[in-house]
Amino acid sequence: MTTSYAVLGQFGDAIRFIFEGQTSTEGTHVGGSQFLDLLWEHLKLTFAAMGVACAISVPLGLWLGHIRRASFLAISISNVGRAVPSLALIAFFVAYLGVGFLNVMLALVLLAIPPILTNTYVAVTQVEPDTVDSARGMGMTGAEIVRKVELPLALPLMFGGIKTSAVNVLATATIAPLAGINTLGDPIINVSGYGDTGRLAASMVVAALAIFTELALGAVQRAVTPAGLKLESNTASRRMRLRFGREATT
Amino acid sequence: MIDLLLAQVQLQDRANGGASCVADNGFCPSWIVDNFNRYTDPLVQHVYLTLVSLAIGFSISFALALLAHSRRWLVGPITQITAVLYTLPSLAVFFLLLPLTGRGNTTAIIALVSYSLLIIFRNIMTGLDNVPGETKDAGRGMGLTDRQLLWEVELPLALPEILAGLRIAATTTVGLATLAFFAGAGGLGEQIFADINFKSNVVTAGGLAVLLAAALDLVILLIQRLLTPWTRARAT
Amino acid sequence: MNSPESAHTSGPSARPSAATLEFKEATKRFPGQDEPAVDGLSLTVPAGEICVLVGPSGCGKTTAMRMVNRMIDITDGDILLDGTSVTERRPADLRREIGYAIQQIGLFPHLTTADNIATVPRLLGWPKDRIAARVDELLELVSLDPAETRSRYPGQLSGGQRQRVGVARALAADPPLMLMDEPFGAIDPINRERLQNEFLRLQKEIRKTIVFVTHDIDEAIKIGDRIAVLQKGGKLAQYAPPAELLMYPNGRFVEDFVGADRALKRLALQRVRDIDLWRAPLVRVGEPAAEARAKVADSDLAYPLLVDDEGRPLGWLSERALTGERVENDLRSPAEPTVELDDVLRDALSDLLAHEAQYGPVLDERGAVSGVLSLEIIGHALKADPEKVRSGADALVTEDS
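Protein chains in written order, with numbering that gives the first Met the number 0: chain F, 0 to 249; chain E, 0 to 235; chain X, 0 to 400.
Quick caveat, the hints were computed from the structure, so don't treat them as lab data.
Here the structure is a predicted model, which means the values were calculated and not measured.
Be aware that a few hints might be false.
When the alpha-carbon atoms are kept at most 30 Å apart in a straight line, the in silico BS3-like pairs for lysine-lysine are as follows [what the hints assert, rightly or not]:
| hint | chain 1 | residue 1 | chain 2 | residue 2 |
| --- | --- | --- | --- | --- |
| 1 | X | Lys234 | X | Lys264 |
| 2 | X | Lys23 | X | Lys234 |
| 3 | E | Lys135 | X | Lys231 |
| 4 | X | Lys294 | X | Lys23 |
| 5 | X | Lys203 | X | Lys264 |
| 6 | X | Lys264 | E | Lys135 |
| 7 | X | Lys382 | X | Lys203 |
| 8 | X | Lys264 | X | Lys382 |
| 9 | E | Lys135 | X | Lys234 |
| 10 | E | Lys135 | X | Lys23 |
| 11 | E | Lys135 | F | Lys43 |
| 12 | X | Lys203 | X | Lys127 |
| 13 | X | Lys203 | X | Lys23 |
| 14 | X | Lys264 | X | Lys294 |
A few chain E positions that, by computed beta-carbon distances, are all more than 10 Å from chain F [stated by the list, open to error]:
| hint | residue |
| --- | --- |
| 15 | Asp40 |
| 16 | Ala54 |
| 17 | His68 |
| 18 | Leu73 |
| 19 | Ile77 |
| 20 | Ile80 |
| 21 | Phe93 |
| 22 | Glu151 |
| 23 | Asn196 |
| 24 | Val201 |
| 25 | Ala204 |
| 26 | Pro228 |
Estimated spans, in silico, between C-beta atoms of each pair [unchecked claim]:
| hint | chain 1 | residue 1 | chain 2 | residue 2 | range |
| --- | --- | --- | --- | --- | --- |
| 27 | F | Glu143 | E | Ala214 | 44 to 50 Å |
| 28 | E | Leu65 | X | Gly82 | 37 to 43 Å |
| 29 | F | Val223 | E | Gly103 | 41 to 47 Å |
| 30 | F | Ala215 | E | Gly103 | 41 to 47 Å |
Glycine residues also receive a C-beta, built at the ideal position from the N, C-alpha and C atoms.
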């Protein structure tokens, strides 16, 4: 076991750090099972932020898209969101509200809202007006149209937004230790207790977590795509997304 | 260790100012005016990191797009590989690269470039794919060679989407470059991190980053308007 | 065969302005398809004539056209342009010598009208001032104001203007052959009619060899000097001038394709001035009745037609009007309907039927009677030798409104 890690040099040391841990300069045990605590905190923060962000942006995006208003607001909010560095956002919350779980979470919520809101909005407005019109013609109410027509058709693109936000929040939660929350970023920010090996190990875990999230949510996205939509070429939706100048997310 | 040391030095620095606003970690316009010069070097470094990364990222993406344009089967693999690079959190990439490239600009730039590839590549491909079939057919029918068609028709018509991709890449790169100091490449993030509880500092450094992103966005938008006059010409 | 060097120096008049095009058993098989798209197509288009390829969708007409400039390469057989096989030419060089206009027009949205038209001259390396002069000349040729249109982008032009710019662009280097794929297909019926007339007038001036693809048999009959009817599987069903095609369709397919009203369609190919009219007994009030009676006896009609001093018709006279010494103004019916020499027979027939008349006076440009057209004459015209029926640009007399 030990020899096979050694082949990988510093990366091997880091892998051993992840699975076995070591004693830190301060005498405490770091790595190994201690990483599970950090992972738990990391996921808790991510899920909380994503939950709040979804609860706000999905209904809002559906509603704005349904009434086909406020396109400027819905589109430019993602442009503004992108221009604010995540580090500056966290630092701003720390400087003005202080450290703590709730404060970091709020910062992450702000980070997560724009992609979800914009994608949901665009997804709904992209539903063919003819489809909505025929639904109305068959006697569906506004709420029924949203629930039975617009939402199912908007789901794939909406999940694209959720995926973008989730990966982004997960990555940004790494700097949460700046605000006193010990996520997987702890070995990276507070390097003194862990050493370079610990920092590299944490980086590997964070990277793996991001890839896993991307793949898992990608699978969910495919699963929620109505069968009829999978048959259609996605050229139209791609064109639409680019018209609004945002990155295309699959 | 160096980072922490630096933070202490700066902390003492501003404590010597003495004003109560500063002592309270407040937002102090006069302090910002007096100490603005401490942000110029990080800003210059930030601009440097952003522009170099964008230039390299664009060159690579452009080359990949031209390659994939003539060999369609490459679109899938290139998209998948760049998508993985895009998904990897930059902060993690900085430290994953450390054992290979060491601390400094190189590591930071590699990470920033790898993040921008997917955005630019995909926009170039979409721009090229959106060129109307009849326009290409007419061009070919009049005797344009494949190369002439690409450079004189397809790429000019793809410009709006290519530049839209560059705008997205530019603003995200400015944001990510605030983390570049973790790789030892300085920038505005280093200023933020050095005194994260001091409102004046956070607002100034963070504000400069936002302004830089907005300025780059505007510059590329202006370039686009200059290069694509036909997109604004509509029937009178 | 033109070498690339001579292509660079050739200009509007350096080459004969029209070429002969010959399909020789030209065949196209697409990989993975059992049936060929074009199957052994053989036909010759004489220089300066319009050959219309017509047929239902999927008959290979567009494929046949695109094989000429090698947008699609032939699998078997050959296509000769002025006796030289197109397969011997580099595709790009070949295409620069062949005008190309398609239904969607395909103007370059990022270039001005002038730059769009200048595309092929630029590829051929013409000097700047010559290109500028040619652009203005072409814009005038397609009835656009150069000063106004030159620097506009396609997005600023109307559909009809874009179509004209497309034609001007295809004509830019004065190609001896033009390929046109449903160029008026996306235009509304009223403007299509106008553009067709304009196109025929233009062709009268430039006399290019033109391969014109359409699915509309009426357009084919109106435009074509010769019509090639293709059927599914890319087989040539018939190749003939319009009148012959309408009169002697060589099988069920062509008969069905040209339609049950093919006799009426033939009438659209002929004008009143092209056929022999009845002589009319023209009389004036006050002229000796005996003379008038002699005129009636000598004419094809039983009743005299009263005209004024300018020869314009006033009405058909009753028998009583000639019973006295002098011709009296005693009308039995007004002189309606009247038809004009430039009317096509189909419209004239429609007028007669609408007035429930057997015949009606034919007026010349000044409004004077030059004969009488009857249902009987129209019946004879339907049996006329198709060789004598003019078509395409030659048949065009009236201007569009």
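The hints, checked one at a time:
1. Lys234/X / Lys264/X: The hint holds at about 24 Å.
2. Lys23/X / Lys234/X: holds (13 Å)
3. Lys135/E / Lys231/X: holds (28 Å)
4. Lys294/X / Lys23/X: Roughly 60 Å separates the two Cα atoms, so the pair is violated.
5. Lys203/X / Lys264/X: holds (23 Å)
6. Lys264/X / Lys135/E: At roughly 38 Å apart (the allowed maximum being 30 Å), Lys135/E and Lys264/X break the hint.
7. Lys382/X / Lys203/X: Cα-Cα ~28 Å, so holds.
8. Lys264/X / Lys382/X: Satisfied, since the Cα-Cα distance of roughly 13 Å is no more than 30 Å.
9. Lys135/E / Lys234/X: Roughly 29 Å between the alpha carbons, so the hint for Lys135/E and Lys234/X holds.
10. Lys135/E / Lys23/X: holds (29 Å)
11. Lys135/E / Lys43/F: violated (52 Å)
12. Lys203/X / Lys127/X: holds (29 Å)
13. Lys203/X / Lys23/X: holds (28 Å)
14. Lys264/X / Lys294/X: violated (36 Å)
15. Asp40: holds (18 Å)
16. Ala54: holds (19 Å)
17. His68: holds (16 Å)
18. Leu73: holds (17 Å)
19. Ile77: Given a closest Cβ separation of 14 Å, the condition holds.
20. Ile80: holds (12 Å)
21. Phe93: violated (8 Å)
22. Glu151: For Glu151/E, whose nearest Cβ neighbour in chain F is about 23 Å away, the distance exceeds 10 Å, so it holds.
23. Asn196: Given a closest Cβ separation of 6 Å, the condition is violated.
24. Val201: violated (4 Å)
25. Ala204: violated (7 Å)
26. Pro228: holds (19 Å)
27. Glu143/F / Ala214/E: 44 to 50 Å: holds (47 Å)
28. Leu65/E / Gly82/X: 37 to 43 Å: Holds, since Leu65/E and Gly82/X (Cβ atoms, about 41 Å apart) stay within the stated range.
29. Val223/F / Gly103/E: 41 to 47 Å: holds (44 Å)
30. Ala215/F / Gly103/E: 41 to 47 Å: Hint violated: Cβ distance 35 Å, outside 41 to 47 Å.
Violated hints for the displayed structure, listed by number in ascending order: 4, 6, 11, 14, 21, 23, 24, 25 and 30.
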